[in-house]
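Listed in order, the protein sequences are those of chains A and B. Each position in the first sequence, counted from 1, maps to that position plus 10 in the working numbering. Each position in the second sequence, counted from 1, maps to that position plus 112 in the working numbering.
If you're looking for bench data, these hints aren't it; they were derived computationally from the structure. Do not take every clue at face value.
Quick list of simulated restraints, FRET-style, between CB atoms [stated by the list, open to error]:
hint: 1; chain 1: B; residue 1: 298; chain 2: A; residue 2: 285; range: 19 to 29 Å
hint: 2; chain 1: B; residue 1: 312; chain 2: A; residue 2: 101; range: 29 to 39 Å
hint: 3; chain 1: B; residue 1: 162; chain 2: A; residue 2: 186; range: 56 to 66 Å
hint: 4; chain 1: A; residue 1: 247; chain 2: B; residue 2: 298; range: 44 to 54 Å
hint: 5; chain 1: A; residue 1: 169; chain 2: B; residue 2: 241; range: 50 to 60 Å
hint: 6; chain 1: B; residue 1: 172; chain 2: A; residue 2: 49; range: 29 to 39 Å
C-beta: ideal position from N, C-alpha, C; glycine also.
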Amino acid sequence: MVLGTYKQITLARSTDKQIQKISQDGGIATGLLSFALDEKIIDGAVVAGPSDEMWKPMPTVALTSDEILAAAGTKYTLSPNMWMLKQAVRQYGLEKVGIVTIPCQTMGLRKMQSYPFGVRFMADKIALDIGIFCTENFPFESLRTFISAKAGVDFDLVEKMDIGKGKFWVHTQDDLISFPIKETHGYEQNGCKVCLDLVSEMSDVSTGSIGAPDDWSAVMVRTESGDTAFKQAVDAGVIETKTIDEGKFGLEMLTKLATSKKEKAMKVIDERKAMGLPVPYKASSEKEDPLANV
Amino acid sequence: MLARIKEFLGMEAKPTEEVASEQEVEKVAEEKPKPRIGYIHLSGCTGDVMSLSENYDILAPLLTEMVDVVYGQTLADVWDMPEMDLALVEGSVCLQDEHSIKELMEAREKAGLVVAFGSCAATGCFTRYSRGGQQAQPNHESFVPIADLVKVDCAIPGCPPSPEIIAKTVVAVINGDMDYLQPMIDLAGYTEAGGSDLQNKVVNQALCIGCGTCAMSCQTRALDMTNGRPELNEDRCVKCGVCYVQCPRSWWPADRINMDLGL
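Isolated chain A (complex conformation) (with noise of 0.2 Å):
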């Protein structure tokens, strides 16, 4: 279970090709939404769109297909999606909300539904959740430091940024240019240390890279709202899907780095405890499921 609980999991990807041509991997979380725009399953969107500064990702309300298409593609930094969600719901008056959370953002969401205590109708406005695999997650200065420094690319010349086959990714428009993973570690945020989610368990759909070939996306679908919207975007001919290779570059590695990130939380929340220092999960000696996000 430490790929949470799914209904479906699949490769998929976005058929529109301005969308493939733009999107970090298969295109799924600007596909579905545009597409559940297009049918008023949602009415709106919160995204991680573009702000004055480059790389800098500002949490927005997208209400039309480009402005969706405008925050296309991963950044590699923190875009706090949940802050938005008021204004979503206050200022743009949403019904029906669609917002793209990671593992962590997702918990957030989830723990308002179930429990919203100073949150006055709101629960109720999330029509559709798209989760994204996260590892972890850096601050702006330390993303921006470790591609100058490592990659040695102004960090105003970067087209897109990657995480595959074990190095971070940096594309220009006349080179490609990659370092080894482990060398941002130290720049990653400290609070990623006690995640036990790579997947976003509780979100409606999962979608990421990891276990899928390139241009191509992994995809869980969880609940029966996210079940109904990606049936209905599969049905459309908006995303295709094909059969996950239960190997070692498909499946097995999915499931091999959820292992490993969540074992790593727990050494961390255990070694914390210890400490006593807080931390909201369950130390191993206290759980039936020594890897449970809980």
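With the hints as your guide, set chain B onto chain A.
Showing chain B alone in chain A's frame:
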């Protein structure tokens, strides 16, 4: 009835399940004795009970079929406080107001469970800023969360608590669903709250991940996110504690969430 409320709250993972079981739930709800509830109004703005009344769809059946309101200003025509299953206390308690203190003490004596309802009762909230010297009672200066004076069984922070959390809590109380209430039982001890908790208990403790849930939940918009961390505007903070309570890194109800999602 209970099924209808659960459906309204989205608490049923699969609302389309057979009608038979729905009727069974309804039957159990009808057979269970209605909890006797008292409403004690201390130093609060009435916002909490207004939030309760914002459960428009279910308010009438809630008040008539599911609970007995046996005591409370404007809610029941009763002078002497009766024995109660549950006392909802709104507002902090003023140490210069002997009537408030007496009423609170009496509620503790006569109620099986005392609930700090809303942030004023739970954490002191906005009344924490009081320094007295104001009309109509210039000597009323010191306001504290009710847990400073009596044992509190359960706290529902919020300024005000959302209509949904109130309805969910009532359903949990009627069902004896202690798992759902556990976080509120734990929060009874959280009496010193403020936006600075995010800095002290989350950021300083290497737990913040910059998700933005705190800033989303802040009811006075005292929080912004700057470089992926909460930034507090102290002038706007009312010390309700909601930011810390909603933070996914303060406490983590994984089992309940999975149940609610049907996962």
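Against the structure, the hints come out as follows:
With their beta carbons about 22 Å apart, residue 298 of chain B and residue 285 of chain A fall inside the hinted range of 19 to 29 Å. Taking the beta carbon of each, residue 312 of chain B and residue 101 of chain A are about 31 Å apart, inside 29 to 39 Å as hinted. As the Cβ distance of residue 162 of chain B to residue 186 of chain A is approximately 60 Å, the hint placing it in 56 to 66 Å holds. For residue 247 of chain A and residue 298 of chain B, the Cβ-Cβ distance of about 50 Å falls inside the hinted range of 44 to 54 Å, so the restraint holds.
Here the CB-CB span from residue 169 of chain A to residue 241 of chain B is close to 51 Å, well matched to the stated 50 to 60 Å. Judged by the Cβ atoms, the range 29 to 39 Å given for residue 172 of chain B and residue 49 of chain A holds: they are separated by roughly 36 Å.
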